[in-house]
Amino acid sequence: MTERTNGDRVPADLALIAARLGAELRDAGVPADPGRCERFARAVPLARPATQYELYLCALATFASGPEQTETVRRVFSDLFGGVDGRAPGQSGPEAPDLPGPPPRPAPDDLLAEAARAAQEHPAPPAPGTDGAGDAESLGAGSPGDALGDAADAAEPDADQAETARPALASRVERLAVTDFAELTPAELQDLAGLMRELTLAVPLRRSRREHPSARGRRTDLRSTLRHARRTGGHPLRLARRAPTLRPRQLIVLCDISGSMEPYARAMLQLLYCAAGGAEAEVFTFATRLTRLTGALAHMPPEQALRRAGQAAPDWLGGTRIGASLKEFNDTVGRPGLARGAVIVIISDGWDTGEPAVLRREMQRLSRVAHRIIWVNPRTKSEQYRPLAGGMAAAWPYCDAVLSAHSVDALHELTAALARPGRHRPWSRDGARGHPAFPAAAGASVRQPGRDEPAGHVSRQAGVARIHGEDRGAGAQVDPGQVGPDQ
Amino acid sequence: MSDLSGRLPDVAALVAELNAAGYLTDQPLGVALFLAARMGQPILLEGEPGVGKTEAAKALATVLDTPLIRLQCYEGLTAAEALYEWNYPRQLLAIRLAESRGETLRDADLFSADYLLARPLLAALDHPGPRPAVLLIDEVDRGDDEFEAFLFELLAESAVTIPELGTRRAAVPPVVVLTSNRTRDLHDALKRRCLYHWIEYPDTERVAAIIRRRVPAAAEPLAGQVARGVARLRDLDLAKPPGVAEAISWARALVVLGADRLDEAVAAQTAGVVLKYSEDLQVLRAAGFAAAAGDD
Numbered sequence: 001m002t003e004r005t006n007g008d009r010v011p012a013d014l015a016l017i018a019a020r021l022g023a024e025l026r027d028a029g030v031p032a033d034p035g036r037c038e039r040f041a042r043a044v045p046l047a048r049p050a051t052q053y054e055l056y057l058c059a060l061a062t063f064a065s066g067p068e069q070t071e072t073v074r075r076v077f078s079d080l081f082g083g084v085d086g087r088a089p090g091q092s093g094p095e096a097p098d099l100p101g102p103p104p105r106p107a108p109d110d111l112l113a114e115a116a117r118a119a120q121e122h123p124a125p126p127a128p129g130t131d132g133a134g135d136a137e138s139l140g141a142g143s144p145g146d147a148l149g150d151a152a153d154a155a156e157p158d159a160d161q162a163e164t165a166r167p168a169l170a171s172r173v174e175r176l177a178v179t180d181f182a183e184l185t186p187a188e189l190q191d192l193a194g195l196m197r198e199l200t201l202a203v204p205l206r207r208s209r210r211e212h213p214s215a216r217g218r219r220t221d222l223r224s225t226l227r228h229a230r231r232t233g234g235h236p237l238r239l240a241r242r243a244p245t246l247r248p249r250q251l252i253v254l255c256d257i258s259g260s261m262e263p264y265a266r267a268m269l270q271l272l273y274c275a276a277g278g279a280e281a282e283v284f285t286f287a288t289r290l291t292r293l294t295g296a297l298a299h300m301p302p303e304q305a306l307r308r309a310g311q312a313a314p315d316w317l318g319g320t321r322i323g324a325s326l327k328e329f330n331d332t333v334g335r336p337g338l339a340r341g342a343v344i345v346i347i348s349d350g351w352d353t354g355e356p357a358v359l360r361r362e363m364q365r366l367s368r369v370a371h372r373i374i375w376v377n378p379r380t381k382s383e384q385y386r387p388l389a390g391g392m393a394a395a396w397p398y399c400d401a402v403l404s405a406h407s408v409d410a411l412h413e414l415t416a417a418l419a420r421p422g423r424h425r426p427w428s429r430d431g432a433r434g435h436p437a438f439p440a441a442a443g444a445s446v447r448q449p450g451r452d453e454p455a456g457h458v459s460r461q462a463g464v465a466r467i468h469g470e471d472r473g474a475g476a477q478v479d480p481g482q483v484g485p486d487q
Numbered sequence: 488m489s490d491l492s493g494r495l496p497d498v499a500a501l502v503a504e505l506n507a508a509g510y511l512t513d514q515p516l517g518v519a520l521f522l523a524a525r526m527g528q529p530i531l532l533e534g535e536p537g538v539g540k541t542e543a544a545k546a547l548a549t550v551l552d553t554p555l556i557r558l559q560c561y562e563g564l565t566a567a568e569a570l571y572e573w574n575y576p577r578q579l580l581a582i583r584l585a586e587s588r589g590e591t592l593r594d595a596d597l598f599s600a601d602y603l604l605a606r607p608l609l610a611a612l613d614h615p616g617p618r619p620a621v622l623l624i625d626e627v628d629r630g631d632d633e634f635e636a637f638l639f640e641l642l643a644e645s646a647v648t649i650p651e652l653g654t655r656r657a658a659v660p661p662v663v664v665l666t667s668n669r670t671r672d673l674h675d676a677l678k679r680r681c682l683y684h685w686i687e688y689p690d691t692e693r694v695a696a697i698i699r700r701r702v703p704a705a706a707e708p709l710a711g712q713v714a715r716g717v718a719r720l721r722d723l724d725l726a727k728p729p730g731v732a733e734a735i736s737w738a739r740a741l742v743v744l745g746a747d748r749l750d751e752a753v754a755a756q757t758a759g760v761v762l763k764y765s766e767d768l769q770v771l772r773a774a775g776f777a778a779a780a781g782d783d
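So the sequence lines, in the order shown, correspond to chains A and B.
Per our numbering, the very first residue in the first sequence carries number 1; after that it's consecutive.
Per our numbering, the very first residue in the second sequence carries number 488; after that it's consecutive.
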């Protein structure tokens, strides 16, 4: 940072400069690998930059790979070379807006790191599927594989010791499983990672345009047919066929991380880490503004990823502007493509400090492109809950399901709702769109997440409660195909 | 690559040529395109829709005076559609013909260049030169992961492998331009192989200049008015702010209508040319159509 070179003069050893710039950029979080440094070194003699600014443009074209990196490249470049150009000398200061800096509070780092630790300390069984995750073993019977390492100690004994330890442990975990996330200590939440691992976040399939060989496919695979015909003297005796591949729909999780929602956000991140299928989800957090976490969550150890996620989500524990955050989601990534045909999970208590009209409009826009919208609101666990809060009332008509998912036990509802095919939005299609006919009539918008509800429990008044009533008519059982520790 | 040093001696020459070709650009994009062409390195262009990503590739092809070979990406794009396909009917006919003549056919006879249908990627590699073709891989974010992975060999080596023929290496590697609308994040491995440039929405002056260039029939006050009108629309809280492409088609629409200035009444009639969402039209209606009109 101390080396300064003045004006137009490019120092003789270009390779050294390129490597130095690359190192500084890497420190600032730009993935400046040696290949890119080499590219920069090759670019400079070609473009023959006459000014500092042109040199900066060379660095920008060779090092950056996203608009969010532009400012970082600019800052690092001007630190190293003493400015970017003559035209905007003041631009290089630390006031640059989108620099990755320390988060305003240390809390997210800790929380996320804890979630990551939980995921690591309760590793998945070495051979999932062989240990009978769904075989009605008692809760917390544990995965046989986690005798390895020191991490698997306290919460879950390995299979050998399980005979004696199981009853006590099982009852403890059972108790934790029905406890509200908000009442769990971080350590207790981590103990639940084993249970979360047994869940599967399966979303409905969609028909992809990619094809694969299939005996019952409709389209003839000429390439393969002809290849086989060569063995039979050019006679195509057997027609090879192809059929479209089925793929899971995109799962998008929008996570409210404002103050009151923090325990649930933490639990949800842990769930995404632990449960099968969670890793493919696109994750966004919001409070006052929207932050995309997916890049931070993917392709690195959970601990490190979650620490980065904490830095990436600077508005942790701030106020909530759900409508504005949803609008940002819709405008930037949702409507252009990401949300199309996707299953969307919004985790929020619906307490929006913004205008309800904004939230209503954005939910409407989202519902037109999304496959299903599932709203997870921990407050709906209460019998007394009514969607009277402006935000929740505005959003409700556009949700396909509203559920509490406030404890591990209640998470089964979430997995069931995710796996359910089709849309259930009775009002968003017909004329009631502008004025949803509730919440006054929503006397029974009760979410009792226990699984021993009688089927009659869903006999709700018309309107809101039908969200659950229709598709949960047979009671709150988890889908049969669903792998989970359901008993 | 070799031939380009004469045609593109420096950045300024490229920018001037691009301007002459009808693509008004700024220096950052000029540097990026220059490096892409001279280094033989693929370039990834991103920017909001309608900012001129595809046009940049077209203009580059015009400047280089080479064919533009375009591949539109979509989910499920396979080698058969992007790279090559064997001409099966012709192969079958050849087999029958050989049979009836009592000739013997060998594999090599059937899997030769005669029976190869070159799709865009192969066509770009096979371009004989002397200057490289411009290969536009458009909206690569619409493709899927499999297709991205499939591109790696092409981008890094300017070569593709065809099982029956072996590896085909480009005699004159094409200038590869990829565009993306950022609907999903591209794989890091793909980004690592590319130069990168984010195209900013140009300032009002430049938009006016672009309109004048692209719609010569737009009389003088009109181009500036449309540019300022679009700029004002972009200040409104819109779901889909209009881009340069919308500005051009708005100017074109006004010319077709015979309007010589953009006033409130004309703006109200033609708002649908620039705003494609009913929510956005409502916002504009609430703000008053005068907001879009280019009052001077």
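Hint data in this document are derived by calculation from the structure and do not stem from the laboratory.
From a predicted model like this one, the values you see are computed outputs, not experimental measurements.
Quick reminder that beta carbons are idealized off the backbone N, C-alpha and C, glycines included.
Hints should not be assumed to be uniformly reliable.
[As the list claims (entries may be wrong)] Here are some of the chain B residues that sit facing chain A, going by a computed Cβ distance under 10 Å:
| # | residue |
| --- | --- |
| 1 | 526 |
| 2 | 564 |
| 3 | 573 |
| 4 | 668 |
| 5 | 675 |
| 6 | 687 |
| 7 | 726 |
[Claimed, not checked] Chain A is nowhere near these chain B residues, computed Cβ spacing over 10 Å in every case:
| # | residue |
| --- | --- |
| 8 | 519 |
| 9 | 528 |
| 10 | 656 |
| 11 | 708 |
| 12 | 732 |
| 13 | 760 |
So, going through the hints one by one against the coordinates:
Annotation: residue 526 of chain B was flagged as interfacial toward chain A, and the flag holds, the nearest CB pair being 6 Å apart, inside 10 Å. At a threshold of 10 Å, the smallest CB-CB gap from residue 564 of chain B to chain A is about 8 Å, leaving the interface hint in force. Below 10 Å, beta-carbon pairs count as interface contacts, and residue 573 of chain B has one with chain A at about 7 Å; its hint therefore holds. A cut of 10 Å between beta carbons decides the hint on residue 668 of chain B: the least distance to chain A is about 6 Å, and the hint holds.
Residue-level restraint check for residue 675 of chain B holds (minimum Cβ-Cβ distance to chain A is 7 Å; threshold 10 Å). A least Cβ separation of about 9 Å between residue 687 of chain B and chain A falls short of the 10 Å threshold, and the interface hint therefore holds. Using the Cβ-Cβ criterion of 10 Å, the hint placing residue 726 of chain B at the interface with chain A is satisfied: the shortest such distance is roughly 6 Å. With a minimum CB-CB distance of about 4 Å to chain A, residue 519 of chain B fails to clear the 10 Å threshold, and the non-interface call is violated.
Not every CB of chain A lies more than 10 Å from the CB of residue 528 of chain B, the least distance being 7 Å, so the non-interface label is violated. The claim that residue 656 of chain B lies off the interface holds: its Cβ sits roughly 21 Å from the closest Cβ of chain A, which is beyond the 10 Å cut-off. A cut-off of 10 Å between C-beta atoms confirms that residue 708 of chain B is not in contact with chain A; the least separation is 30 Å. The claim that residue 732 of chain B is not at the interface with chain A holds, since no C-beta of that chain comes within 10 Å of its own (minimum 15 Å).
The claim that residue 760 of chain B is not at the interface with chain A holds, since no C-beta of that chain comes within 10 Å of its own (minimum 20 Å).
Checked against the numbered hints listed earlier, the structure breaks hints 8 and 9; every other hint is satisfied.
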